[in-house]
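Following the hints, position chain B against chain A.
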Amino acid sequence: MNHGNKQIKNAQIETRIFNNRIFYSVIIVLIAISIIIFRFFYLQVIQHETLLFNSEKNRIKTTSLPPARGFIYDRNGKLLVDNLPTYRLQFIPEKVLDLKTKLDELKPLVKLDDNDIETLLLQVENNPAFKPIIVKPKLTETELSSFIVRKHTFSGFDAIPYLIRHYKYTNILAHIVGYVGRINDADNKRLDKNRYMGTEYTGKRGLEKYHEKSLHGQPGTLIVESNAQGRVLESIEQISPVSGNDITLTIDIDLQKTAYQALGELTGSVIAIDPKNGEILAMVSKPGFDPNDFVNGISQVKYSSLINSIEKPLFNRSIKGGYEPGSTIKPYIALAGLYNNVIGINYKMFSKGYFQLPNKDRKYHDWKEGGHGNINITQSLAQSVNTFYYDLAIKLGIDRIHDFLIHFKFGELSNIEILGEMRGLLPSRKWKKDKKGTIWYPGETVITGIGQGYFVNTPIQLATSLSILANKGLFVQPHLIKKDEIIEKQIFLDIEEQYWSTIHQGMIDVVHSAKGSARTIRNPNYLIAGKSGTSQVYGKKEEDVYNKNIETPKHLRNHALFISFAPANDPKIAVVVVAEHGSSGSGTAAPIAGIVIEKYLSDILKMNQPGKK
Amino acid sequence: MIQSQHNFHNKRHYVDWWLLSLIVLLMCYGLLVLYSAGGWVLVKQQMIRMALGIVAMLFLAQLKPEKLSGIAPWLYIITVMLLIAVLIFGYESKGAQRWLKIGIRFQPSELAKLTIPLVLAWFYRYRVLPPDFKSILISIVMLLVPVVLIYKQPDLGTSIMVGVSGIFVLFLAGLSWKYIVSGIATVATAAPILWHYSLSAYQKRRVMTFLNPENDSLGSSWNIIQSKIAIGSGGLFGKGWQNGSQTQLDFLPEHSTDFILSVLAEEFGLIGVVILLLIYLAIIFRGLYIAFQAKDTFNRLFAGALTLTFFVYVFINAGMISGLLPVVGVPLPLVSYGGTSILTIMASLGMIMSVYNHRKLLKS
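Chains as they are written, first to last, in the numbering used here: chain A, 2 to 614; chain B, 85 to 448.
Same shape as in the complex, but just chain A:
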């Protein structure tokens, strides 16, 4: 009305324009609706499976329920390793507002020091904010209760119950069972992710590592429906975890304790084995350590004190310690002489105090000045006559020595159920050519006769050989875990019985004859067959080897060795003792073996005759 129009509005034109625009509107609406329908078709039909999977992933949360680790028992059913319920204090970084203040408040409650707090604050920086950080792995009861009553003031912190591995026997058993520790990145690469989703610990050393698969058990799963806030609404399915298998050792924990104590102040190894079935009754490496320290991570201070100790407590001497067999090789050399018909049962030899190779100046001495006189095989063993074996070794030659000893598993792995065993060395012409690039000299054969030179054995390998010797040629696989089936194999079917009995007699004479080197350990109840030896400690001058000077500093003293089995006519136990820097095989090592044998045989006797006292 108030707009002055120059043109008159034309109703017909306007209607046409408008109808035309309505027509376009309908087209636009139809196109737009089609776009929407196609979009929903794309999401709901073409993308349906992917998005349905995502929606299920939202809805369903799967948690892994860790299994309880299997226990470890000794041969008599005594509990050695179990799991203890305990609490750890942890916090989730993103849920704690003022961490520094809260940690300071916790300090007196759970006994933290400034160092701990600093470490924790450092940890937070490299940790995803939702992943819990452990303040203290093991709360004492007082710590737990003083935290619990104040828990409401520590939001983000919580005391979480869990099962901690517990080693009842520490030093004496540490090298056998080893320990578990927290799973680290290296473990994660090795372990099956699906089975270890909820597991926090894994075997790191010893049987705990070797038998990880069996000890760990089968994890369970808990499938729950949870909402967007993560609250569990409904448990859909629960598969309970299956605890790990228990393990029964062949170890007699009392005998193990006896052996450990028998070593006294000395470092070294004691192995007791039942030669008939290969069961290892005791296997000591002294000193030991406390495996419990490692479960939640050992402190830096403790660890460096273990690593830097000259006694090397983390070193398992029983399977890793390399020693010369020394004179303990003599029974095998004598048997080699008989087997190869180099000597006969009644062979005798005159010991004049030294041995010389033809056209050579060098003298190889007896330990007794002036020699032992006329000596037969049993006497050569009882009195440990070196010249007898120098001579015999030359007569045999290195090839026959090597080829014979190899059947006693010298220089082979014992395949015991602990990882990290060291392979010993049985020298040979070929070995020397390959490794040293030089020919074998006769002088080397001479000292091989008394177990010196290139020879290296671990205590467990000495025990294996000793079992074969005690069994008169029957090899039984030594083992630490009780099993129904034992692996055994008869070797040397062609060694005459009288050869075996001659050698055994010589070893009995070591303990029971008037001139026997280890006669101090004789016992009226049973016969012990034994042989002492010394393993040279390098760093000494040649002429000092036979120097009886007792003032040799301890770390340069020779290692004392003793191999033995008893009762000699029906061996129930074979014992290898390596007493480091013990100087004298018969003086130091033999009595240790005597204690172990006595403990075991008197226990058996008690068990078999409960009425008698």
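Hints were generated in silico from the structure; no laboratory data involved.
Don't take every hint at face value.
Just the calculated beta-carbon pair ranges, DEER-fashion [as the list claims (entries may be wrong)]:
| no. | chain 1 | residue 1 | chain 2 | residue 2 | range |
| --- | --- | --- | --- | --- | --- |
| 1 | B | H280 | A | K132 | 38 to 44 Å |
| 2 | A | I240 | B | K128 | 40 to 46 Å |
| 3 | B | M165 | A | I32 | 35 to 41 Å |
| 4 | B | N327 | A | S215 | 41 to 47 Å |
| 5 | A | A229 | B | Q146 | 43 to 49 Å |
| 6 | A | R191 | B | H280 | 52 to 58 Å |
| 7 | B | M165 | A | F24 | 36 to 42 Å |
| 8 | B | H280 | A | I32 | 29 to 35 Å |
| 9 | B | K128 | A | I61 | 29 to 35 Å |
| 10 | A | I161 | B | N327 | 31 to 37 Å |
Okay, derived cross-link-like pairs now, DSSO-like style, lysine-lysine, Cα gap no bigger than 30 Å in a straight line [as the list claims (entries may be wrong)]:
| no. | chain 1 | residue 1 | chain 2 | residue 2 |
| --- | --- | --- | --- | --- |
| 11 | B | K151 | A | K10 |
| 12 | A | K321 | A | K214 |
| 13 | B | K236 | A | K10 |
Owing to the predicted nature of the structure, the values given are computational and were not obtained by experimental measurement.
Even glycine gets a Cβ: it sits at the ideal position worked out from N, Cα and C.
Chain B only, in chain A's frame:
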């Protein structure tokens, strides 16, 4: 048929039964979905609002369009003043000033959705159509004032809706294609500049989320990702009423309001979505038919523009919850929970209905 019903009733009560029954059908469908998404409490409140909405619609349907035309310029002036008042005295909520407290909380931008088509239809009522450059310029200015004011609150969604409703009037008035094409070109060029100098951080974030939702799945894009999962996992037939895990377990955000179509899609599947869209389509076509039947320019323009605006609500909401468009906060008409939106839409439908009711009276 409608004619006969119309005659059957008292002449003083004007009701378009087609439109009314479609609206009631849509409301029932919406309540069904809302019950699943938000429970009985929300349904009860929504029903009260819907009842009020129906009353408002029927009341406006009785008004002669003539009267609306008469008050249109005054309504426009009041709206602009209220929008200015919002910016000065407004009540702040969720980082935006959209509310005025006059006894009850009141959102003037909602009023603008009705006023703009009305005032522009009134403007063209006296102009020769198709509009010349001068009248286009005037109407653009009239449109831009409230759009900019709403945009400043900031409320991107509503300012777009208001802008669109005005442009539809221009379109229906016969704005030449030349202008339409150059207008689109201008917007396309201006968008990056606006992005740089004009959008606030939250608006930028919304647009960025739209462009790349997988970028930050727990932040602003969470909504759109979860919405797509809800829609897609529903499949062809849906997970069943009250069985949508995305909805029931709270993975889907704002599932009673802006994202209610995702709930429907999850629980009733593509079939349910298509049924809903068909109902909307029927309402829109009915509205366009009413506009088409109208003989007066004012009636045609505002009935047509309001109908097309109603359609744009559906399109933008469905587009944004399915990841086709940025999340701009446009509710799904008559289905999303929320009072103001229902009243506005019902009012616009009432006005459309009044055009139908008074088509003959005007003619005579």
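What hints, given by number in increasing order, does this structure fail? 13
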